[in-house]
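Next come the chains, spelled out residue by residue.
Number of protein chains: 6
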Amino acid sequence: MLQEPLGGQWGEMSVMMPHLFQGWNCRGPQKYKDMIMDIGTEEIAHVEMLATMIARLLENSPVEAQEDAARNSVVGAVLGGSWVEDVIVAGMNPQHALVSGSGAMPADSVGYPWNAKYTIASGNLLADFRFNVTAEGQGRLQVSRLFNLTNDPGVKRMLAFMIARDTMHQNQCLAAIEETAANGPEETPVPSNFPQSLEDGRVSYQFWNCSEDTESSEGRWSAGTTPDGEGTFEYLASPQPISSDEGQLNAVDPRLYGTPTHPVPKTAKE
Amino acid sequence: MLQEPLGGQWGEMSVMMPHLFQGWNCRGPQKYKDMIMDIGTEEIAHVEMLATMIARLLENSPVEAQEDAARNSVVGAVLGGSWVEDVIVAGMNPQHALVSGSGAMPADSVGYPWNAKYTIASGNLLADFRFNVTAEGQGRLQVSRLFNLTNDPGVKRMLAFMIARDTMHQNQCLAAIEETAANGPEETPVPSNFPQSLEDGRVSYQFWNCSEDTESSEGRWSAGTTPDGEGTFEYLASPQPISSDEGQLNAVDPRLYGTPTHPVPKTAKE
Amino acid sequence: MLQEPLGGQWGEMSVMMPHLFQGWNCRGPQKYKDMIMDIGTEEIAHVEMLATMIARLLENSPVEAQEDAARNSVVGAVLGGSWVEDVIVAGMNPQHALVSGSGAMPADSVGYPWNAKYTIASGNLLADFRFNVTAEGQGRLQVSRLFNLTNDPGVKRMLAFMIARDTMHQNQCLAAIEETAANGPEETPVPSNFPQSLEDGRVSYQFWNCSEDTESSEGRWSAGTTPDGEGTFEYLASPQPISSDEGQLNAVDPRLYGTPTHPVPKTAKE
Amino acid sequence: MLQEPLGGQWGEMSVMMPHLFQGWNCRGPQKYKDMIMDIGTEEIAHVEMLATMIARLLENSPVEAQEDAARNSVVGAVLGGSWVEDVIVAGMNPQHALVSGSGAMPADSVGYPWNAKYTIASGNLLADFRFNVTAEGQGRLQVSRLFNLTNDPGVKRMLAFMIARDTMHQNQCLAAIEETAANGPEETPVPSNFPQSLEDGRVSYQFWNCSEDTESSEGRWSAGTTPDGEGTFEYLASPQPISSDEGQLNAVDPRLYGTPTHPVPKTAKE
Amino acid sequence: MLQEPLGGQWGEMSVMMPHLFQGWNCRGPQKYKDMIMDIGTEEIAHVEMLATMIARLLENSPVEAQEDAARNSVVGAVLGGSWVEDVIVAGMNPQHALVSGSGAMPADSVGYPWNAKYTIASGNLLADFRFNVTAEGQGRLQVSRLFNLTNDPGVKRMLAFMIARDTMHQNQCLAAIEETAANGPEETPVPSNFPQSLEDGRVSYQFWNCSEDTESSEGRWSAGTTPDGEGTFEYLASPQPISSDEGQLNAVDPRLYGTPTHPVPKTAKE
Amino acid sequence: MLQEPLGGQWGEMSVMMPHLFQGWNCRGPQKYKDMIMDIGTEEIAHVEMLATMIARLLENSPVEAQEDAARNSVVGAVLGGSWVEDVIVAGMNPQHALVSGSGAMPADSVGYPWNAKYTIASGNLLADFRFNVTAEGQGRLQVSRLFNLTNDPGVKRMLAFMIARDTMHQNQCLAAIEETAANGPEETPVPSNFPQSLEDGRVSYQFWNCSEDTESSEGRWSAGTTPDGEGTFEYLASPQPISSDEGQLNAVDPRLYGTPTHPVPKTAKE
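Residue numbers (this note's numbering), protein chains in the order written: chain A, 162 to 431; chain B, 162 to 431; chain C, 162 to 431; chain D, 162 to 431; chain E, 162 to 431; chain F, 162 to 431.
Among the clues, some could well be false.
In this list, chains with the same sequence are indistinguishable; a pair is considered to hold if it fits within one copy or across any two.
Unchecked claim - Only pairs whose alpha carbons sit at most 16 Å apart, straight line, appear in this in silico EDC-like list of lysine to aspartate or glutamate:
(1) 192 with 339
(2) 192 with 361
(3) 192 with 374
These aren't lab readings, by the way, just hints derived from the structure by calculation.
Model the full assembly from the supplied sequences, consistent with the hints where possible.
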């Protein structure tokens with residue numbers, strides 16, 4: 162399960178890579194680039210810590226240490242007494258035995274490989290800081306869950322360290338969000354330099370009740386000044402279509418052999 | 162390019178599906194579930210709008226309308242006068258001709274299929290609202306870029322509508338974040354009900370300068386009270402390892418055929 | 162395992178999304194579009210049913226309810242008495258604990274995320290109805306298998322409902338296939354409006370025996386009138402190549418550094 | 162674009178691999194296994210034909226043959242006269258130059274790699290024959306579209322051959338479907354040996370109108386005997402929920418840090 | 162676990178497909194093409210062997226044979242006595258029951274589907290032979306690990322056969338590498354016909370110590386003639402940047418809404 | 162196209178990540194671990210170089226600099242004079258505009274995201290060094306191809322540097338391979354400490370001619386001592402099956418609803 166905070170969607174690789182790409186691509190003020198690179202570099206070390214921990218946990222588990230116990234178990238009796246049973250009993254990912262030979266893998270807790278779609282770097286600092294604070298939150302949530310899933314004091318100590326750094330990085334991202342607003346490069350709504358006069362102002366601050374019941378009218382999002390300071394929330398309990406377009410399509414080039422609106426008898430086809 | 166806001170990582174499918182799963186899985190107060198379902202339902206309609214627009218734009222493009230123009234172009238002369246040139250000249254994704262027959266596809270602007278890793282639903286409302294505000298920001302950013310990439314008034318009108326709804330949804334998510342903090346179910350750091358006494362308090366509010374230069378000391382994140390109100394930022398210009406562990410590993414079961422620390426001569430192997 | 166009919170290749174998401182895209186892209190007669198949208202809409206509800214059922218099953222499983230039993234088991238003795246053992250003993254996907262916090266995920270029974278390649282919408286109604294009847298059959302097959310894999314009466318009741326709807330939808334798709342043929346927009350072979358005079362008529366109705374033995378000559382496919390009514394099956398026990406082309410390739414631009422047909426001594430290279 | 166019928170979702174690799182796996186896994190009567198292996202083997206040759214054709218087309222395109230023409234083009238003037246412009250002008254996938262060195266790739270027309278999710282082999286012959294007839298239909302549709310996208314007589318000749326074989330294979334699969342029903346191993350609904358008495362018979366033959374308008378009542382699927390011969394279609398214009406379950410969830414183990422239904426003040430958390 | 166050598170990254174499908182594509186794309190001397198096709202064809206049979214073995218192992222496992230044993234186990238008591246427990250006890254992939262109905266799947270040991278990125282065919286024989294010798298080595302390593310994970314004599318016999326063929330194919334690839342160098346089409350460094358005079362000769366044979374400590378100076382790679390016979394290894398304990406470029410970026414088109422280097426106050430934005 | 166050496170299968174990310182994981186997981190002699198970490202660290206810098214170069218090339222391309230030229234082109238006339246045409250004319254990946262806002266992306270030249278399956282770390286040094294020498298060869302091949310695809314002197318200078326480092330790293334890996342054999346931890350065949358007495362010795366050194374023609378008998382691999390020094394190549398022009406097993410399967414549990422060998426009439430099913 163420690164693979165999840167290493168190579169999962171919200172694992173350390175997914176904090177390291179976005180920060181590196183955000184930093185390398187950064188065109189904003191230099192203090193932001195430097196700050197982003199600081200975190201990205203730190204996160205390389207977090208990946209190393211997790212990889213090392215996983216490799217150590219796999220050193221004597223399950224193939225050797227638990228052999229005697231498992232051999233005598235009921236499960237062992239069913240399966241016939243080979244290594245397979247040990248791997249199964251320990252809930253070990255078989256690829257840790259077959260593929261990595263007891264090493265860490267850049268994959269999550271079900272063996273799904275890390276991929277670069279987890280790397281967000283849009284060129285817009287506020288858009289990306291919001292992603293970063295999300296990543297630090299989802300990551301801290303997962304590590305907190307893991308903290309309760311083990312009794313091993315060494316593992317708990319490492320996780321306590323990681324939870325603390327996630328506390329720091331959440332705060333740091335929120336501070337960076339404050340800073341961008343205070344200094345003006347970016348505010349809500351992102352991107353703030355798209356002229357709001359060009360958007361469809363009729364619907365910019367309307368809440369549409371689109372599902373059954375109206376409990377949604379009870380929240381902060383249904384009335385009062387909007388967080389961007391530019392509007393007032395309006396609650397529409399029964400929103401209506403603002404266009405009568407029913408979405409009908411026309412025919413396309415017959416050489417694409419789609420089904421036409423009006424059938425053509427086969428005899429006329431050739 | 163309109164495929165990006167339909168089936169891209171930050172397109173409408175990536176707003177619709179997370180809201181539906183967050184709503185179906187919601188165990189929090191009912192007003193949150195209802196609000197989340199309202200947006201999720203609205204977003205189904207956004208996907209339909211984009212799909213319809215794309216299908217219409219493909220009705221007479223490029224195979225027919227531009228045929229005469231392109232046939233006479235320099236490019237046409239090189240390629241030899243078939244449909245292929247039209248598809249190429251128009252920058253059209255060939256799968257719109259071959260695979261969907263002039264229909265919209267659940268894929269992004271380079272044809273990469275949408276996948277469910279874009280769907281975040283963690284069971285923790287604040288963690289997920291932060292994802293949602295990220296998605297609305299990245300989405301509004303991309304649609305704003307697209308707005309400048311077309312002269313078609315009908316497309317511009319639809320994009321102006323979408324940008325406005327992204328304005329609303331950003332504000333709405335920020336309001337929901339305020340509300341969770343005001344009412345206590347969730348605050349920073351996420352998850353707020355993990356006891357901070359269990360994390361490694363020594364490093365919870367330290368900024369580590371891990372790359373060259375110290376411009377990063379100039380930001381809001383390097384001094385002052387932290388946004389969670391629980392600590393004070395401390396800036397370490399030269400952070401040191403807090404452990405002397407060099408990460409050495411031990412040998413594993415020889416039946417995994419890894420390379421051992423101390424070589425075994427082949428003659429001794431069998 | 163209930164994730165398979167939710168987010169697997171032939172799960173409900175893979176019926177919902179193709180119907181929505183087929184409907185939105187539909188250029189055929191309106192009754193087809195309306196029928197397709199009816200199913201697509203119904204399937205959103207099926208996804209919700211499964212998501213809700215999974216979230217409920219995860220409410221007290223395995224972390225709490227089975228805790229006492231497992232703590233005392235042989236397996237528990239091996240693993241040391243933490244939550245991990247419970248998750249393993251229950252065969253629970255660890256991401257249900259770590260990632261979704263006891264919520265349903267848009268993934269299959271081994272945690273592989275749903276992706277949009279499962280969404281087929283070609284613009285040709287008969288081609289797509291055949292996909293739909295396949296999806297309803299594969300789906301009903303999987304749910305039938307699941308039906309035998311549980312003793313829980315509530316789960317069985319929901320599965321019995323889904324199997325019945327798959328019965329309906331299989332019948333409905335077959336009826337739609339009949340209808341397209343009766344009314345002429347599409348018949349076998351798909352696409353029926355490609356002129357068969359342009360295909361290579363020599364091989365249109367020949368069965369080629371390409372593997373050992375000739376049991377394949379015993380089926381309906383080796384003799385008699387073909388289902389499209391246009392030809393007669395012919396069985397070739399020893400088919401021969403109809404071209405003498407051995408597939409040899411020529412050299413390409415040397416700036417691509419492929420290995421040339423005739424070696425170039427290195428001294429001549431620079 | 163020829164990569165689509167080679168390595169696309171409905172390309173020849175996607176016919177070859179399912180047939181091989183269906184054949185290797187076949188437990189049904191021997192004549193089915195032999196027939197399936199015949200097609201699977203033939204399809205290996207189809208993949209080879211397409212790979213060879215693509216490799217030949219890349220022999221002098223675009224880098225050499227079109228060099229003079231393109232160098233003088235308007236586009237050439239913009240881009241500055243290197244190979245890049247040729248690749249772009251010809252709409253060539255850059256990976257054909259960079260990765261395969263003018264060879265075919267196991268990918269589709271936008272460079273997305275083939276993957277084994279396109280391989281269906283369920284162990285149920287009727288379920289899989291329906292997939293096969295779908296694959297042959299979608300494949301024939303795409304090749305027919307391609308046929309119109311080229312003027313090259315050699316390419317057209319090869320495509321005419323492939324369209325003809327798809328005609329055969331569609332007919333063959335339909336014949337196999339007839340045969341399974343005639344001989345009883347499998348009928349509609351798939352799987353036919355799941356006892357229908359166990360499904361929720363109330364909804365097995367009801368059509369539910371779930372979207373606006375009722376054009377869907379005009380089709381073969383809304384009235385009359387169902388294709389499986391076991392029921393009668395019933396059209397419900399306004400279907401109602403058959404359960405009053407609103408999908409509310411209960412709390413889960415607090416150690417998963419989900420947001421609870423009733424907020425817990427932070428002061429009480431530690 | 163036998164799925165790993167079938168459909169894993171280094172399984173038999175990943176030897177079969179690269180050889181077929183390398184052979185079909187081969188423009189080098191005919192003896193190479195013929196040799197590559199020989200292996201590719203043999204490997205189709207290896208895939209069949211593994212698929213058949215897996216399908217047989219799934220015939221009476223776990224659903225029937227182990228039923229009595231498991232029903233009485235401690236684990237069975239916890240789970241409640243349905244098939245699910247059997248699947249879990251046996252460590253069986255649930256998709257073998259739900260998706261393939263006891264057939265082999267084109268996926269690895271954690272259910273991740275095989276994909277064509279495992280297929281390497283670059284057009285350069287030496288580059289590809291090195292990939293092939295890697296694949297045969299990684300494959301033999303995994304099968305050797307599996308050999309120790311079972312007690313079943315039939316499975317062991319098949320694995321012993323596969324290990325032997327991997328011995329042969331490793332030797333064969335190494336012999337092919339020797340042959341290409343002896344006959345000149347390709348030598349080290351690949352590609353050997355790129356003129357080394359065009360590369361940055363200052364750094365062609367320098368070892369850079371980029372991590373802590375200098376144990377890396379003790380290897381064959383830090384001194385002496387280089388394997389290509391063209392240079393001498395030089396060890397730099399403290400390598401310095403050879404450029405003073407700090408990677409600063411300039412502003413881009415403001416219509417992309419990136420964050421600019423110098424903040425623009427919002428009032429000036431519209 | 163520069164994305165290919167950055168985020169492609171054989172790009173710098175695919176050299177950086179395997180070296181980091183091989184190093185972190187290394188249990189072999191310390192000089193190997195140190196050497197591997199040296200390269201891994203250097204490669205982080207290569208990724209940064211490419212990311213910076215791409216971000217700079219996107220600074221004034223295509224949106225501004227080429228605007229005037231393209232506006233007047235024939236293509237511009239067809240497309241109507243917006244940015245879209247510029248992006249298309251320049252062959253620019255639309256995601257560089259929409260997603261990254263003129264920044265580099267962790268993806269290849271067709272926009273396919275980098276994924277961790279490109280990261281090989283098996284725990285066996287020789288198996289992994291062979292992968293590394295493959296990666297350095299495929300990478301140098303692709304960069305050499307790119308070198309010819311540009312006239313930009315700055316880009317050419319950077320590529321010349323990378324080609325030189327790939328020369329070094331190929332030599333370094335080959336030296337490491339020599340060293341492992343000289344010192345005995347690993348020799349051919351990998352893994353060398355699996356006892357060859359356990360493999361099926363009958364087929365360990367036989368070449369099987371499995372395709373038409375026998376040109377394959379002309380190579381080094383068909384006669385003489387094998388590279389591992391343990392055998393002699395033997396060429397079989399007509400290899401025969403060594404087993405009479407035809408791969409027939411038996412029935413499985415009927416509750417999986419596979420098609421049985423002998424049909425069951427439907428009347429007997431319920």
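Here is how each hint holds up against the structure:
1. 192 with 339: within (14 Å within a copy, 28 Å between copies)
2. 192 with 361: neither (36 Å within a copy, 28 Å between copies)
3. 192 with 374: between (48 Å within a copy, 10 Å between copies)
The structure shown violates just one earlier hint, number 2.
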